[in-house]
Every structure is written in C-alpha cells, then in structure tokens.
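Sequence lines, in order, name chains H and Z.
At position 233 of the first sequence the residue is numbered 217 (our numbering), and the sequence of numbers has no breaks.
At position 265 of the second sequence the residue is numbered 262 (our numbering), and the sequence of numbers has no breaks.
No lab work stands behind these hints: they were computed from the structure.
The reader is advised that the hints may include incorrect statements.
[Unchecked claim] Heads up, incomplete: computed chain H residues facing chain Z, CB under 10 Å, no partners named:
id : residue
1  : L6
2  : G10
3  : V77
These numbers were taken from a predicted model, which means no experiment stands behind them.
Virtual Cβ for every residue (Gly too), placed ideally from N, Cα, C.
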Amino acid sequence: MSRLPFSSAAELQDALGAHSYLADRGLATAIFLGVSLDKPLLLEGEAGVGKTEVAKVLAELLGRDLIRLQCYEGIDANQALYEWNYSRQLIAVRAAQTGEGGPTVHDLFGPEFLVERPLLAAIRGGSSAVLLVDELDRADDEFEAFLLEVLSEFAVSIPEIGRVAALEPPAVVVTSNRTRELHDALKRRCLYHWIDHPSIEREVEIVRVRAPEVSEALARQVAEAVARLRRLDVAKRPGVAETIDWAHALAFLGADGLDGEVAEATLGAVLKDHEDLELARAHIGELVGEGGSGGP
Amino acid sequence: MSEAGPLERLVGFGRYLRRIGLPVGTRRILTYCQAAAALDPFDREDLYWAGRATLISRREDIETFDRAFDAYFGDQVTGERRVTVPDVAGSAREDREPPDGLRAEAGMVAARWSGAGEDDETEGDAALRIVASDVEVLRKRSFADLSDEERRDTAALIRRIEVQTPQRHVRRHRPASKGPRFDLPRTLRRSLRTEGEPFRRAWRDRTTRLRPLVLLLDVSGSMGPFSRALMQFAYAAMAAGGRVEVFCFGTRLTRITRTLQTRDPDRALRQIGREVEDWEGGTRIGESLKALLDRWSQRTALRGAVVVLCSDGLERGDPELLAQQMARLARLAHKVVWVNPLKGSATYQPLARGMAAALPHVDVFLPGHNLESLAALGRILSR
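Could you build all of it, start to finish, from the sequences and the hints given here?
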C-alpha cells in the first residue's frame, strides 16, 4: 500500500479533485478501499453520472495504464482474453512451405502470434494497470461467470503457452447501468458504490471545472435547470455529461444567462427523447426559474 | 483494532443487518472489518461509507442500510474525527430486536396470498391424479370459478404448457457445417494436418436466441385468479429456458422475477403475496406502464421482447396516458399480447375507455380465462 500516492480517503478525494474529478466522500472512500484492499469496485448509477470517468482518472492519478473492456451482447472469451493471429500464422505456414527455414509448429503458437485482448493485457500488466470493465450488464450471463473466474484468480491458462498470472492484481473498476441485475457471486467479490446525480452545488463545481469558459452564474442556472428537469418525470434523466454539454453549448452561443428562449433552442443538448423534449418545452418557464414557480 | 470492543461492534453490525433481512454473509463482514482497518483511524462517516461499499450491493438496500446504521450506531449527526468507534451504551444493544419499522421493511408483513399451494402436495402427484375427463372440464372452466382443489390441479396443468418465444438473430457466430462466414481460425487449425494446405474449409453461422418474455400481471380486484394462473404460466416459460421477466401491478408496479426464480414455486407465490402490496386494490395501468418503461426501457428485457399484459382494462387513471404508454411499449417490444379474461364472455365488447385506448397498440387480443385459452396463448407466443 506504500506505493499509493494517497494514504486516506480524504487525500484521495483531494487528489481526484486535482485531476478535475469531483468525487463525494462516499465515492472517494469506496475507491480508496478498492485500491487498498485489492478488490474490484462495482459502480452502478444512471447513465451519465461519471462511472467510466472514475477508472480514467484513477489510472491518471496512479500513473497506470488504463485497459478498457467494453462489454456488449454476445461478447465472448476470445474477444476479452486472447486470440491467435490466424492470418499471420497462415502466412508463416506458407512461408515455411516455400523453404526459407521458417517457423516450427512450436513457434507458430509463440507469443508473437498471440493477440492480447483487454483481460490478458490487464493480467500481464498487473499492478501497473487499471482495468475498466465497462457496462458489464450488457454482456450475457455466461460472460459474467467467466469474468468472475478471471477476477478471482487473475490468472489464465493458455494451452500452447502455459499459465499467465498477475504478480499483483490490477486495480479493477466494473460499471453497470443496471439494465439487468448482476449475479450475487460477482457482487460479493466487489465493493459497491451507487453514484447518484450530484447536488446542485457540486454540479456547479463540476461544470466550472470541466467547462472553464462558463461563468459561475450561468453554471448555476444550468445546474438548477437540469435539477428541475430530473424532477420533471422525464424518461431519460440527463446526466452530468449532458449538463456540461449544455453549458458548453450556451457559452458557445454567447449566452450570459439562461432564459426560456435560449433554453428552448438548446434543449437538444440535454434531452434526447422526443416525448421528453415536448414535456420540457411545455414547462420551459418553470425550468429556467422564470415566472411564478421559480426556485430550486 | 487492538481491542476486542471495536471489532465486535463491527461484526455485530453485520449480523444486525442480516437479522433485519439484508443478505450479509460472513465474507462481507470480513471485508467490512478489513475496510475499517484500512481507514483506521476512522470516524462515523468512514464507518458508514465503508459499510455501504462492503456490506450491501443493491441500490434498493441503501435506505434500509441507512436506517439500520442510525439505529445501530446511534443517529447523531457526523461525529468528530478520530473517534475510534462511536460510543453507544453497552454491547447488549447488539442483541436487541430490530425496531418495528425495519422489521416491516424487511418484508415480514403478514402474507395476504391465499391462493394455490398452501399444502405440500407436489406438482407431479397432482398431475397424476387428474383423470382425463376432469381435464376436459377443467380446460374450459374459467379460472375465477375454480374450487381450491381444482385450482391446484389447474396450476399443475398450466405448468406443463409448452411456452416458447420466437427466436431472433444475435451478433455472435458459432461454428457451423456450412454458413455465410468463413472461419479462418478453424480452417487454419485443420490445415495443419494437411501440411498447411487448407483443404477442408470451416464456416460460421449466426446464432439465434429466444426473445425475452415479459409478463405484466394486473393483480387488482377480480383479476387475482387470472393473474395467479399466468404466474404458473411464467413458470412454464422459465422451464422452457427462455428469459422471463414478471411484473405485477395494481396501483403500482412490482417486479417479482427474482422471487419466481426460486426453486419452490409455492413458496415463491406466497412470498410474492407479501411483496406485492396492492394485491386486489385499484388499477392504474397507464402509470404502471410508465414506471415500467421509464425504469426498464433501456433494459434488454423489454427491447425486442414478447410482452403479455393481463388485465381487464378497467383503468382508473387517465386513458390518454395509457394510450401514450401503450404506444411506447409497442415501439419497443417485438409483440404485445393483451390477455383480457372478460373477453371470455360471448357478449363482451372492449368498450371500457382504458381498453379502447390501448387496443390500437395491441398485436394479439385474447381471453386467457381458462386452460384452453392459455394453451392457445402458448402457441401464439412462438409465432
């Protein structure tokens, strides 16, 4: 643990802040524990609350390589772990046939013909890597079981080469949008943190850090409007990323404040669903805090 | 952690959570203690966040955890830093009973479910005992008119209905004897036996998978018997190996898939009786659908699924909202089937405002009020 550049959750929280990621105490504690106890950290939360970003900034902070495994329906072990470079093998075999003392069969399954996929890369990288398993809920159940196996051993056996094991496990961040429930076996192995939408205060800070060209006043107006939007019973609640996009868009248009007209014109930066847009347009005055029902 | 006191407090907290119904195993408690050691010196807030990260892993459990934490460690606002362990009077507190509120929350409310399966007769026995002529009668009798015994027999029969959803293509390719895609890896491996000459070519084809089946069951008012029958139907679908999601609704939506996945169907149904709070209350289909679509529309469960909605369509809410949500559902789903037991009566006309609003978005409309009709439903689903 001595190699970690922070010795407490509070220090980590500050360090994350220095890397433009404003985490609350709970998230900082969870990350700190994950790295200290060598346990994978499972992050859940709605889309756009910054789950993926945690792994990126953690890699930066620790000076490690970020290795990302994006999950999707139908992903299998070959795409996640390793594959042989068959085209290259084929060429090598043909070359051997034409003489030239090419490779032996043994060479053919040597490291130079092995295509490393994210999980193998992470095992080889060991403690110099941060492994991000993104949107695990999209993968199939079988893949989850496979991942569980890898996460508990941090070793794989490749028949032609032998066992590859990590001396020290990499830091692991697993994210899920909760489109389905992950298995309890996997959850038990992980630390868990639910990332909520940030408070208005924190969202203003985040906008200021991520979009420095936006004035404090505008950032606050945007954060408040987004907070109202989230309460407005929209189908797809906007995430922090959308707040930042909106602030960028408004600053780019040279708006110095948020009024109904500007908001309506730029609403597409926050809401991406037709019904949601209609709903928001109907409440536009309320959203920007104009008229009777202002205030957060 | 040199003294025995703090450690016991931490372990005691884990056991306390277990007692009020959260799934906290020894492994989690161990991790919690490790976490506290890693954070040492810790304050109350550290203990709280460490507990949230290590002891629970479901968003639904956070609220219960919060209350339990306050109840166990005392609910003063964040203490000062460097307090080794919050000072709460005596260790006797660890063994006390959870407060009433928590007890209720942990799902210990009395069961209101009084349907099939209170006895210990197994499905197999029941099925054997049903004589053929009885079956004929049972097949046509409405679920609402069944005696307790008949209901048990019927339940066993429903579970034997073959339920299969249609297949769809998935991205994954599998080795195949012939197929549209060339399989270079396998061809190469084979070619090694023929001195690198790729004589025998290998192919891959797309795989198919069963579409998910989503059952939405109205448990309000007179719908109880029919919804229970469809729950048995859900079991049949699960047995066929497909992915099945089951929701109940009356005034609000409850997901009961996880409970249904336990091995013992009768126990599961009793458990659901406890979980579903508005068993036989009013109906708000539109709102329930909206809750479903908002929370689950991104989830693979709904997209491309076969959705079966069982309700009499007597909507208490706004029919306009119902129509809107049905349109959303129809856009997402592969097929929408509405099962309305009232349709079993020869004179029925879908005049109720809710039903009329929903119908344009329904692909198949059928009664599902007796065995025969459910068997027909099973056949329709696979098309």
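### Query
Should the hint that G10(H) touches chain Z count as held when the rule is a Cβ pair under 10 Å?
holds, 5 Å
### Query
With a cut-off of 10 Å, does the beta carbon of V77(H) approach a beta carbon of chain Z closely enough for the hint to hold?
holds, 4 Å
### Message
Quick check on L6(H) please, does its C-beta sit within 10 Å of some C-beta on chain Z?
### Response
violated, 16 Å
Figure legend: structure checked against the earlier numbered hints; the only hint not met is number 1.
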